[in-house]
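J.: Protein chains in written order, with the working numbering: chain A, 360 to 700; chain B, 360 to 700; chain C, 360 to 700; chain D, 360 to 700.
Fair warning: there could be bad hints in the mix.
No copy labels: a pair is met if it fits in one copy or bridges any two.
Stated by the list, open to error - DSS-like mimics (lysine-lysine), calculated; alpha carbons at most 25 Å apart, straight line:
{"#": "1", "residue 1": "K695", "residue 2": "K608"}
{"#": "2", "residue 1": "K379", "residue 2": "K362"}
{"#": "3", "residue 1": "K407", "residue 2": "K640"}
{"#": "4", "residue 1": "K379", "residue 2": "K695"}
{"#": "5", "residue 1": "K407", "residue 2": "K583"}
{"#": "6", "residue 1": "K583", "residue 2": "K696"}
{"#": "7", "residue 1": "K407", "residue 2": "K362"}
{"#": "8", "residue 1": "K583", "residue 2": "K478"}
{"#": "9", "residue 1": "K379", "residue 2": "K407"}
{"#": "10", "residue 1": "K478", "residue 2": "K407"}
None of these hints come from the bench; they were simulated from the model.
There are 4 protein chains.
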Amino acid sequence: MNKRGFASDNNAGVHPRIMKALADANGGHCIAYGDDPYTAAAKEQFRKLFGECDVFFVFNGTGANVLSLQAMTQPFNAVICADTAHIHVDECGAPERFTGCKLLFNPTTDGKLRISDIKRHLHGIGFEHHAQPRVVSITQSTEMGTVYTVDEIREIAAFAYANGLLLHVDGARIANAVVYLGVSVKEMITDTGVDILSFGGAKNGMMYGEAVVILNPALAANFKYIRKQGMQLASKMRYISVQFDEYLKDGLWLENASHSNRMAQLLCQEVQALGVTVTQKVEANEVFAILPAQAIEALQREFFFYVWDESRCEVRWVCSWDTDEDDIERFAAILKKLLDN
Amino acid sequence: MNKRGFASDNNAGVHPRIMKALADANGGHCIAYGDDPYTAAAKEQFRKLFGECDVFFVFNGTGANVLSLQAMTQPFNAVICADTAHIHVDECGAPERFTGCKLLFNPTTDGKLRISDIKRHLHGIGFEHHAQPRVVSITQSTEMGTVYTVDEIREIAAFAYANGLLLHVDGARIANAVVYLGVSVKEMITDTGVDILSFGGAKNGMMYGEAVVILNPALAANFKYIRKQGMQLASKMRYISVQFDEYLKDGLWLENASHSNRMAQLLCQEVQALGVTVTQKVEANEVFAILPAQAIEALQREFFFYVWDESRCEVRWVCSWDTDEDDIERFAAILKKLLDN
Amino acid sequence: MNKRGFASDNNAGVHPRIMKALADANGGHCIAYGDDPYTAAAKEQFRKLFGECDVFFVFNGTGANVLSLQAMTQPFNAVICADTAHIHVDECGAPERFTGCKLLFNPTTDGKLRISDIKRHLHGIGFEHHAQPRVVSITQSTEMGTVYTVDEIREIAAFAYANGLLLHVDGARIANAVVYLGVSVKEMITDTGVDILSFGGAKNGMMYGEAVVILNPALAANFKYIRKQGMQLASKMRYISVQFDEYLKDGLWLENASHSNRMAQLLCQEVQALGVTVTQKVEANEVFAILPAQAIEALQREFFFYVWDESRCEVRWVCSWDTDEDDIERFAAILKKLLDN
Amino acid sequence: MNKRGFASDNNAGVHPRIMKALADANGGHCIAYGDDPYTAAAKEQFRKLFGECDVFFVFNGTGANVLSLQAMTQPFNAVICADTAHIHVDECGAPERFTGCKLLFNPTTDGKLRISDIKRHLHGIGFEHHAQPRVVSITQSTEMGTVYTVDEIREIAAFAYANGLLLHVDGARIANAVVYLGVSVKEMITDTGVDILSFGGAKNGMMYGEAVVILNPALAANFKYIRKQGMQLASKMRYISVQFDEYLKDGLWLENASHSNRMAQLLCQEVQALGVTVTQKVEANEVFAILPAQAIEALQREFFFYVWDESRCEVRWVCSWDTDEDDIERFAAILKKLLDN
């Protein structure tokens with residue numbers, strides 16, 4: 360058995376129910392590329408959650424984000440985002456490469472983009488020498504483990520709309536935000552006016568697969584071509600679809616996120632009890648904290664995790680659907696020993 | 360249980376041994392993105408088969424082909440291929456879109472590119488008004504179910520090398536060719552001078568995953584960036600890797616291909632016995648044949664398959680790792696009835 | 360004084376009236392990038408010729424063609440053209456590179472695309488595995504010196520429209536076609552249903568500059584961004600505009616083309632009188648002919664020109680606005696001597 | 360005669376000597392696309408100035424910058440620049456669109472990038488999730504009218520080299536910097552270790568045309584294809600080349616820049632004498648200053664110029680090769696009146 364750590368929810372395995380669903384869907388032939396009953400069923404689950412929408416399954420989060428932006432832009436456009444955004448920091452320039460667009464970004468203290476951050480980038484609209492803003496992209500929950508309230512999203516969507524912009528949400532960890540806010544994903548996404556959502560699965564118990572959920576129907580017409588040309592059309596689609604069906608049909612996605620959020624709360628309490636400074640509000644499944652430099656390395660030998668900001672000894676710990684209380688107790692015990700030295 | 364047909368080897372399910380390997384790899388945490396023991400083991404399997412090489416796992420065949428070409432070209436280059444090539448016909452223009460290159464192609468009778476087909480496109484070399492040929496891309500086994508001999512590949516590789524070109528092989532069905540020729544993949548690919556091979560898995564019993572096998576080490580240095588920017592880096596990599604490990608480690612890939620080739624032979628014999636004209640040599644797992652127009656539709660109601668060339672009533676039947684003799688007997692029986700009417 | 364030849368109308372100089380207009384526009388300051396009175400005047404000339412239209416000046420023909428296609432397509436589209444098209448053969452893959460689109464082309468005998476050539480490429484519409492045809496691009500006059508009739512253009516435009524396609528005309532030598540047919544450019548282009556025309560200037564007496572004439576207003580909205588991002592926005596725009604104003608305002612463009620067409624007719628007669636086979640109808644300013652291999656090189660030492668098809672000793676001669684009868688007499692005399700040997 | 364203003368050196372006309380050179384080069388035929396004696400002569404002028412180098416003429420500054428970056432990068436690379444850089448602010452996203460690269464930028468106080476600004480962006484090198492820094496791009500003289508010293512450029516080049524980066528200089532106003540520093544362009548560019556320079560002409564008395572000067576020979580091999588595919592190859596090349604020949608051959612470029620620099624000094628003194636705050640060192644041909652809001656509009660009615668930073672009433676005035684002392688006296692007189700009110 361592989362050891363559990365706090366490096367990333369991508370390091371966790373696949374939930375047993377997902378694994379079983381994969382096995383159950385095996386056997387016999389299905390039409391490839393999505394024209395199969397598993398895909399129809401999974402899409403139906405999305406419509407139950409979001410109301411009317413178009414759904415396209417892709418392989419991974421970078422694919423979901425980049426193709427979403429592609430559907431919303433022309434190459435002379437710009438995308439406005441936080442400087443911590445995955446699309447800006449962690450996708451090796453794929454958004455610029457594939458959409459042709461410029462990314463306009465802002466430093467934020469907590470990973471959350473404000474209206475004022477967006478406004479700064481709008482002065483060049485209509486002036487052909489500047490890339491033309493067309494999309495605001497926010498991450499829910501953010502890369503800093505914080506969560507936009509429903510009102511904040513509604514306000515951003517309204518501001519975007521009023522300024523001729525579209526709103527994209529990178530929801531690689533959307534489940535954690537839904538659970539944290541205790542609202543439905545429809546209230547958070549459909550009803551606030553989001554245009555496209557990248558809906559994550561892999562970080563919360565699936566094996567692979569991400570869904571592009573298009574709430575603005577005008578953006579859906581050509582998406583099948585964008586997906587195929589974007590190298591994100593799975594041949595044996597049923598194996599993505601059946602995962603999403605199982606993930607959504609009776610709340611497994613919320614159960615998993617609920618658990619990882621709770622574990623993050625526990626972890627936060629434990630390390631704060633040890634006098635450790637936690638640098639961000641713990642609203643989803645991540646904890647950011649400052650550790651003494653020498654403790655970091657020693658702790659990493661026991662539990663793998665990443666240093667977030669070397670200059671100030673800030674580290675990131677991520678809880679997963681399979682993190683258990685023992686993991687946290689052991690972690691806290693070891694950390695205590697290191698800090699006591 | 361889903362019904363089996365002859366539409367595509369992409370329609371078949373996952374081999375039980377692959378399914379079991381996925382389940383066995385589940386549990387606990389693994390470092391994401393490929394720095395895990397499953398990936399190391401799978402790469403080792405590739406090196407056992409090919410000798411020294413660099414291997415990068417990606418999600419699908421289009422991804423493997425496009426990223427391979429990206430690693431071999433600059434945007435002002437051209438890629439020479441057969442007009443039946445998957446990269447030309449079936450990838451929605453992804454190669455042009457992502458590499459920036461022009462595709463130069465030729466009609467062929469059997470899906471196999473000849474030296475003379477390549478030569479036609481070389482006259483503009485050095486002349487800046489023309490896209491500059493840089494890669495020859497062939498498919499093994501071809502989209503027409505035929506197979507290049509080892510000598511043919513060696514000859515193309517030598518010609519390419521002599522003309523400053525690189526050789527890419529789209530091996531979505533490489534296993535079927537290896538089995539047909541009865542040679543090792545090293546003799547067929549490494550020793551002939553192929554530069555990069557797209558090595559397929561999904562069409563022959565895997566769930567998802569394709570490998571880019573780089574034989575020319577000069578092309579490997581930047582591939583990790585190309586893969587990430589190309590949206591083809593899996594987060595939970597272990598689940599691709601463990602499939603490849605199982606697929607390769609004691610010959611499952613050859614077993615499966617051997618079976619589907621044999622089924623195609625059987626199918627060919629059965630339909631020829633009914634007087635049906637088979638239009639291509641059956642060397643891999645595909646049978647191309649001419650049917651009376653009215654028989655096609657009726658037959659499709661029983662067994663799903665595609666019409667290849669409407670204008671001459673040519674159809675394509677593909678056998679899979681899970682096709683069985685009963686499928687073929689039933690198919691032949693129904694076809695017989697339709698032809699007898 | 361540089362010697363005149365028959366290699367290309369691009370080799371000719373600038374008409375004295377254009378040169379004088381440039382000098383006259385010099386002095387003092389003008390707002391850069393097109394917001395100046397010269398540009399307004401030149402656009403007005405275009406509207407006089409074409410009726411209501413949007414006009415954008417760019418640097419060169421490749422720029423005009425590529426940006427026109429960019430305005431008409433999304434990256435998953437395809438452009439249908441003749442295999443002799445400049446966009447296919449002579450732009451180093453710029454159309455694919457910048458639009459992301461695939462070019463679908465056909466051999467033709469005379470450079471003219473027929474409805475049947477277009478039809479062949481439409482079978483994949485709606486099927487996401489194939490690049491989606493969106494534009495038909497024809498060249499008027501063609502690269503083979505032939506001219507589409509007004510009826511032929513109208514028929515292609517209607518067919519395109521009926522099939523959801525747009526029509527682009529590469530008019531690098533549009534003036535020669537207008538003169539040949541004896542119709543107005545409005546009858547030929549606006550009234551037939553062309554969507555965008557690349558209107559050439561440099562091959563017919565201008566120094567540099569090409570105009571993108573957008574007849575379909577839906578395609579104009581974003582063109583200013585496409586031009587700027589496409590690196591084709593001139594800072595000192597007045598110097599392109601004043602050329603176009605002079606070129607168009609009282610028929611200089613037709614005079615020049617009329618002359619070069621007439622010279623091509625004369626050249627054709629002279630060489631035919633020597634027994635030389637002319638391989639294409641001479642409708643514009645180009646003559647294609649077969650010469651004995653040994654005569655070609657000797658003739659090239661006296662007059663520079665290009666071999667078109669080495670395999671059959673076909674050469675191309677282009678007449679320019681400044682070709683004179685003496686040039687042709689001298690040329691014919693030398694050719695006669697070479698053929699007599 | 361068009362009125363002179365202080366909006367941009369792009370608004371000025373063409374120097375009479377350049378105009379005469381254009382007229383002198385007219386007449387007769389020249390091989391198109393650069394294989395002509397004017398181009399050979401102009402390239403020779405560049406080699407006299409820079410020492411051994413490859414030179415490619417293009418149409419405009421955006422073209423020169425984008426193609427230079429294209430020659431230095433692969434799509435997964437990043438380019439580091441100041442946040443005032445023309446490539447970042449004023450090219451409508453063309454660098455991202457055409458190279459595929461991400462731009463990494465920093466705020467600066469004076470348009471000059473420091474080593475510490477570059478360092479901040481290097482932490483992700485070798486980590487595939489991040490775009491890989493490959494080029495540092497600086498502007499000389501900067502968009503803020505300041506000038507890098509030779510030592511500063513040498514230091515940046517050395518730092519770049521030590522970190523596996525290349526150095527690009529956007530020299531749209533390189534002449535103004537050469538004159539200001541009183542060094543040769545060879546000392547400033549070749550000897551410091553610059554890899555590619557965009558050498559401007561249009562802002563300093565030419566009609567159109569920019570030169571890409573490649574000092575690092577490894578970057579030159581494919582540039583002719585990059586230029587053609589990049590839509591920047593002029594057909595009637597002689598008319599760019601002859602301008603450069605005249606511009607360079609006996610110092611016209613330095614004379615013009617010397618004059619515009621001197622006019623900027625004069626303008627600076629005049630407005631400072633009126634109590635106006637000048638916000639940047641005046642080292643080249645630009646003056647940045649703070650004016651009372653109500654004075655700006657009134658002044659713009661007499662002399663066209665741009666507001667640089669609306670939020671603090673900062674304006675930009677640019678002097679040109681044809682600005683004269685009278686212009687400045689009149690300007691200062693009007694400004695005085697406005698300020699006195």
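J.: Run every hint past the structure and note whether it holds.
T.: Hint-by-hint comparison with the structure:
no. : hint          : verdict
1   : K695 <-> K608 : neither (42 Å within a copy, 45 Å between copies)
2   : K379 <-> K362 : both (22 Å within a copy, 21 Å between copies)
3   : K407 <-> K640 : neither (31 Å within a copy, 50 Å between copies)
4   : K379 <-> K695 : neither (39 Å within a copy, 41 Å between copies)
5   : K407 <-> K583 : within (22 Å within a copy, 39 Å between copies)
6   : K583 <-> K696 : neither (55 Å within a copy, 39 Å between copies)
7   : K407 <-> K362 : neither (37 Å within a copy, 29 Å between copies)
8   : K583 <-> K478 : between (33 Å within a copy, 23 Å between copies)
9   : K379 <-> K407 : within (23 Å within a copy, 33 Å between copies)
10  : K478 <-> K407 : neither (35 Å within a copy, 42 Å between copies)
Checked against the numbered hints above, the structure violates hints 1, 3, 4, 6, 7 and 10; every other hint is satisfied.
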